[in-house]
Amino acid sequence: MRDVAVVGFAQRQMQEFDGSPTCVELLVPLFAECYEQTGWTRRDIGFWCSGSSDYLAGRSFSFVQAVDAIGVIPPVNESHVEMDLAWAVYEAWLKIQTGEVDTALVYAFGKSSAGLLRRTLALQLEPYTMTPLWPDTVSLAGLQARAGLDAGLWDEQAMAEVAHRSLTDAETNEYAVRSGGSSVAELLARPVYADPLRKHDCAPVTDGAAAIVLAAGDRAREVRDRPAWLSGISHHVDPMSMGTRDLTRSPSTARSGAALDLDGVDLAELHAPFSHQELVLRRELGLGDDVRINPSGGALTSNPMFSAGGIRIGEAARRVWDGESDKALAHATSGPALQQNLVCTLEGQR
Amino acid sequence: MSRTLSAPVTVAFDYTRSTGPVLGRFLTGLRDGVVVGGRTSDGEVVVPPPEYDPVTHAATTDFVEVSPTGTVASWSWVAEPVAAQPLDRPFAFALVLLDGATRPFLHALDVASPGDVATGMRVQVRWRAQRTGAITDIECFEPVTDQAAPPPGPRSTLDPVTGVVTPVALDYTYAASPEESAFYRGLAEGRVLGQRCPTCAKVYVPPRSACPADGTPTTDEVELSQTGTVTTFCIVNVPFLGQRITPPYVSAYVLLDGADIAFLHLILDVPADQVRMGMRVEAVWKPREEWGTTIENISHFRPTGEPDAAYDTYSQHL
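Those protein sequence lines, which keep their order, are chains E and S. Under our numbering, residues 1 to 350 are what the first sequence spells out, in order. Under our numbering, residues 1 to 318 are what the second sequence spells out, in order.
If we strip away everything but chain S, and leave its shape as in the complex, we get (with noise of 0.2 Å):
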């Protein structure tokens, strides 16, 4: 068994972007199928514009159609894409010269093999047949071939480009500290587990590395009761995405008996309204087939009966 337990995250985002006048100009003529370049105050063609000149700092306002075809300047092999490159098969990614530019430009170049490609070589824009005004609406460059690359179609008449979208997504082997994984763990036999620490002595559930308060590891591990009180609470009356259960239900935080850190968790099996600070409550579990090494084994905390505690017995773990 490994000393933590982990799972698989997906973070994914797409990203948003205005584009400003400059690239709004370079993505609009991808769109349009031609490279636009920018003349700087230094003389240079580059391609992607820059927004403002290297020199001068004044916005770029020269805009020049470059040839889609060029020159490979540098080249690197890629033997294992990743996720996402413009190519799911090795490929190249090159550096090239466009006819027209003084500066090289990124992008992927369509080869089989590193023996077929070779700095100095001429290659050609590949586009793609839906543009949708982004840089891949290249697909990739390819080797000059016989055929020169079809001329751009008449220029659209949409509105200029004025915004990219990005998608993101990041795949991430999510582990849990050491004292995480054995709450988890416990979790699938029943228990709540805390972690002590040895210099101020107070109780954390679920369980942290060190303690925030004194930077101490918290090697001690604690059992803690399955009864404990509302702190505090909230009652959810918002729908959103994904919500599992019809509001109003009401989220609190239980401090159990003997730990000095509420959790967060749902209040349950009385009206939203009756809950109140120093309620106090007490676990109710899923049945045993349906547990996992998660916090979900608890399905919601219910009412004992009990008196309320009193306020000076939670007053600090507000």
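In isolation and in its complexed conformation, chain E is listed as follows (with noise of 0.2 Å):
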């Protein structure tokens, strides 16, 4: 396996992005941040990969328009997934592992505002038996919360101290769209939105956009004294079915956890939109209470829909960058009801 490392980032979120949903406006001073911190420019990215959705953006080719953010004479090599940007870091890293190019730039985009963020969700769901009910994210995720509730295995005084701690860290974050903690006791009087859930439960509807760039060996350490080298990367599925598994438990990411050695995490970015959905994440990877969990404040305080998952992957490898972990988790969710789940740790040292 070659080594491969993340030595850029970029990010821009916002509650309503005042602009055309193919975002090429936000993309281009993204790019431009990442040929910055690298020192590169268009022409030294081997790689370009795209994660976006048409039907957020409710229009067609959505990504292709995105293209014109990049430049492409002469033409580039390029890719899009419809997915989160995590997924399009994944087929990056795999396209850096072919040997056929050295370096990557990955970006995301969605103008989630631009429609009805929870109902237009009800189309990534199984389309004979779920999406004719349109049964929208929240909702849910709501069905996930009680589960856990009645089961024993968290209340909302748990529910609420992660809200707390998201908004507490999210001050120091200027992206989030949400922040400032006051006490778990004021977020619990404050009236339930979705019973069993609050707003604050519920990650807000955001727009924005994201981009990582990767590389592999000495052209991670051309940029970086200390790269955020991907030691492990790993994805698995559940079934979509709401009813055929354990709502309280998240198999697919049990998996990549055990796919990669998590000994010595000392952070953690989780991709969790829902407070309970943490409480799932941090079980299924055996994180302890001496694992820092996401400073950044997490998706409950800015969710951009097709970069947040990434945006973990971003906000764990600066840390790495600046020395404040040595070892630190990242993990990205897709699907109602964490569904799909990418796990990846990020090291200093290689």
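FYI, nobody ran anything at the bench for these hints, they're computed from the structure. Incorrect hints may have been included.
[What the hints assert, rightly or not] Derived pair list, reagent style SDA-like, types lysine to any residue, alpha-carbon separation capped at 25 Å:
1) E/K199 with E/A185
2) E/K199 with S/T119
3) S/K202 with E/D44
4) E/K199 with S/A79
5) S/K202 with E/K199
6) E/K199 with S/S113
7) E/K199 with S/R89
8) E/K199 with S/G115
9) S/K202 with S/A169
10) E/K199 with S/P114
11) S/K286 with S/V270
12) E/K199 with E/I293
13) E/K199 with E/Q15
14) S/K286 with S/K202
15) E/K199 with E/H236
16) E/K199 with S/Q85
17) E/K199 with E/V64
18) E/K199 with E/S182
19) E/K199 with S/A112
20) S/K202 with E/P75
21) E/K199 with S/A73
22) E/K199 with S/E80
23) S/K202 with E/I293
24) S/K286 with S/T246
25) S/K286 with S/P206
26) E/K199 with S/D110
27) S/K202 with S/Y184
28) E/K199 with S/A83
29) S/K202 with E/V64
30) S/K202 with E/E78
31) S/K202 with E/Y35
32) E/K199 with S/P206
33) S/K202 with S/E223
[Unchecked claim] To list a few chain E residues with every Cβ distance to chain S over 12 Å, as calculated:
34) S113
35) T168
36) G217
37) R221
Just so you know, even glycine gets a beta-carbon here, dropped at the ideal spot from N, CA and C.
Take each chain as given, in its own frame, and dock them per the hints.
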């Protein structure tokens, strides 16, 4: 296997992006930041891969429009996944493993606010027996939260503690669209919105984009003294149906984690768009109390569709670059109620 | 004034799908007023039946009729229903463990408030009067009443369900980019605005947020001539739904003088068979009182009568 590291990361997150859902205007400055961080130009990038969804954009081939932000003369080596940025990272990591390229810039974008997000996402469900009922994202997460509450695996207090820690940490994240911790008691005093969920248990609808630069071996060492080496990456998927899996567990996360060496992980960026999902993920990954969880504030404070999972990788990587973490874990999710999960580890030493 | 122009857009499509034998069996059951589950190799009775066994991966063939009555296994409250959900007033989504099944089934539950639902409560199917063989043949669940749900009538003699049609309509507020917004606002003033790439100096109309060749933001606004050259064209002979002009007519790429990208418009006021590459044309605007922020302000292009442009002047723009 080739050693591959994350060496660049840029992001934009906002409540409502006043611009076209093709997001070219958001991507151009993100790429500029990546060039500045690496000292490269677009011609140093061996492979490009994007993540986005036409259902979110409300128009066909939105990812083709986004290619304008790259500049394609001379032609570029480019691909796309109808998935989160984290899975675009996976494709780029594979591409580098083939030996065909040494560097990659992956990016993702989405204007969630263009439609009604929790409704739009019903299009990712099983189309015969689920989508015609339009089960919205929040309701499906609520079924999962209640399953754990009823089973005594977590309680409202534990969920509010996750939200409180996230909101407090988000105070130092300039990109968070929601921030400001007060107290767990104050959060619990707020009204229940989608029983059993309060609004702060649910990620805010967020527009945004992000870009990550990957490089192999010496190309990574050229860029940074301490690249964030991708020492492991794995992803799995659980059944789509809500009835055939134990909603209080996430076998795909456990299996992804088991494929990696998680010893020594000191920091984890977990993509949990609902507060109870962080509790599920911590259990499945066996993360102890000494692991710093979501110093960025996590998805509960900002969750741009199609980039929020990859942003977890970027946030973890930059803490490895800074020396704040020696070994960080990053996780991304997709699908209803933690159906698909990707886990990777990033290390300062290789 | 907001930075960008936006407009409501609805994207709608009737998804037409074949069901295959397993989901077909389930949906045929719903049409007949019975709920059919599938027995898997590990002894579970799953509703709806899975198409393939989760352990052996063999196609499901062992079908079991389960009760239309069951117990709430989990629920969540829908305080603000969204369009096309089973109920248009607040309701619960529930996972219901039907009597005779071992795995719960997702559907809506009609109760007035979250205080009226609890895990463990007994509920029953409320059947739709007119059933077609779709998941929506179950209107929703409702709390069990003294009267049990009416027993199913005689099984239909219709052919088994083999397909479903699921209408999907999504509403968006669709925004133009700032550059596109400037273009449309220009049109509302009778002007055609493009953008020049500061790197390669190419002029794009309609403008784009970045030069597709260089990836450079196109910051320089350029007002373009309303006269140009036909670079290539086609004669439309085929009628289609929504056609506004009687065929034959010409749809052409017009390269405005000063632009580096041609754009598509109509060539009228000339017989279709006389339109040619290199023909010089000019914009014909609708009456000013009909203008909006739209390309339709330009009704069409018509010949100027000038001599044709030399091929070399547009050969790089084909």
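Tested hints:
Restraint check for E/K199 and E/A185: satisfied, since their Cα atoms lie roughly 15 Å apart, inside the 25 Å limit. As the CA atoms of E/K199 and S/T119 are separated by approximately 22 Å, the hinted pair is consistent with the 25 Å bound. For the suggested pair S/K202 and E/D44, the alpha carbons sit about 24 Å apart, so the restraint of at most 25 Å is met. With a C-alpha separation of about 12 Å, the suggested pair E/K199 and S/A79 falls inside the 25 Å cut-off, and the hint holds.
Between the alpha carbons of S/K202 and E/K199 the distance comes to roughly 49 Å, so the proposed pair goes past 25 Å and is violated. Distance restraint check for E/K199 and S/S113: the Cα-Cα separation of roughly 18 Å lies within the 25 Å cut-off, and the hinted pair is therefore satisfied. In summary, the hint linking E/K199 to S/R89 is supported, as the alpha carbons are separated by about 20 Å, within the 25 Å threshold. Between the alpha carbons of E/K199 and S/G115 the distance comes to roughly 19 Å, so the proposed pair stays at or under 25 Å and holds.
This hinted pair does not check out: S/K202 and S/A169 have alpha carbons roughly 39 Å apart, beyond 25 Å. For the given pair, E/K199 sits about 16 Å from S/P114 by alpha-carbon distance, which is consistent with the 25 Å threshold. For a cut-off of 25 Å, the pair hint linking S/K286 to S/V270 stands: about 18 Å separates their Cα positions. The suggested pairing of E/K199 with E/I293 holds, with an alpha-carbon distance near 21 Å, which does not exceed 25 Å.
For a cut-off of 25 Å, the pair hint linking E/K199 to E/Q15 stands: about 15 Å separates their Cα positions. Taken as a hint, the S/K286 and S/K202 pair is broken in the structure, with Cα atoms around 29 Å apart against an allowance of 25 Å. Taking the CA atoms of E/K199 and E/H236, the gap is near 29 Å; set against the 25 Å cutoff, the hint is violated. Among the hinted pairs, E/K199 with S/Q85 is consistent with the structure: their alpha-carbon atoms are about 21 Å apart, no more than 25 Å.
Taken as a hint, the E/K199 and E/V64 pair is broken in the structure, with Cα atoms around 35 Å apart against an allowance of 25 Å. For the hint pairing E/K199 with E/S182, the CA-to-CA distance comes to about 15 Å; that is within 25 Å, so the pair holds. For the given pair, E/K199 sits about 21 Å from S/A112 by alpha-carbon distance, which is consistent with the 25 Å threshold. A distance of roughly 18 Å separates the Cα atoms of S/K202 and E/P75; the hinted pair therefore holds under the 25 Å criterion.
As the CA atoms of E/K199 and S/A73 are separated by approximately 23 Å, the hinted pair is consistent with the 25 Å bound. With a C-alpha separation of about 13 Å, the suggested pairing of E/K199 with S/E80 holds against the 25 Å cut-off. Between S/K202 and E/I293 the CA atoms are separated by roughly 49 Å; this puts the pair beyond 25 Å, and the hint is violated. For a cut-off of 25 Å, the pair hint linking S/K286 to S/T246 stands: about 19 Å separates their Cα positions.
Distance restraint check for S/K286 and S/P206: the Cα-Cα separation of roughly 19 Å lies within the 25 Å cut-off, and the hinted pair is therefore satisfied. Restraint check for E/K199 and S/D110: satisfied, since their Cα atoms lie roughly 23 Å apart, inside the 25 Å limit. Using a Cα cut-off of 25 Å, the hinted pair S/K202 and S/Y184 holds, with the two alpha carbons roughly 20 Å apart. Distance check on the hinted pair: E/K199 and S/A83 sit about 21 Å apart at the alpha-carbon level, within 25 Å; holds.
Straight-line distance between C-alpha atoms of S/K202 and E/V64 comes to about 20 Å, which keeps the hinted pair within the 25 Å bound. Distance hint between S/K202 and E/E78 is fulfilled; the C-alpha atoms sit about 24 Å from each other, no more than 25 Å. Between S/K202 and E/Y35, the direct Cα distance comes to roughly 23 Å. Compliance with the 25 Å bound is thereby established for this hinted pair. Note on E/K199 and S/P206: the hinted pairing is violated, with a Cα-Cα distance of about 42 Å set against a maximum of 25 Å.
Straight-line distance between C-alpha atoms of S/K202 and S/E223 comes to about 13 Å, which keeps the hinted pair within the 25 Å bound. Here E/S113 does not stay apart from chain S, with its beta-carbon only about 8 Å from theirs, under the 12 Å limit. Every C-beta of chain S lies more than 12 Å from that of E/T168, the closest at about 27 Å, which supports listing it as non-interface. For E/G217, the shortest C-beta to C-beta distance to chain S comes to about 27 Å, beyond the 12 Å cut-off, and the non-interface label holds.
The beta carbon of E/R221 sits about 26 Å from the closest Cβ of chain S, which is more than 12 Å, so the claim that it is off the interface holds.
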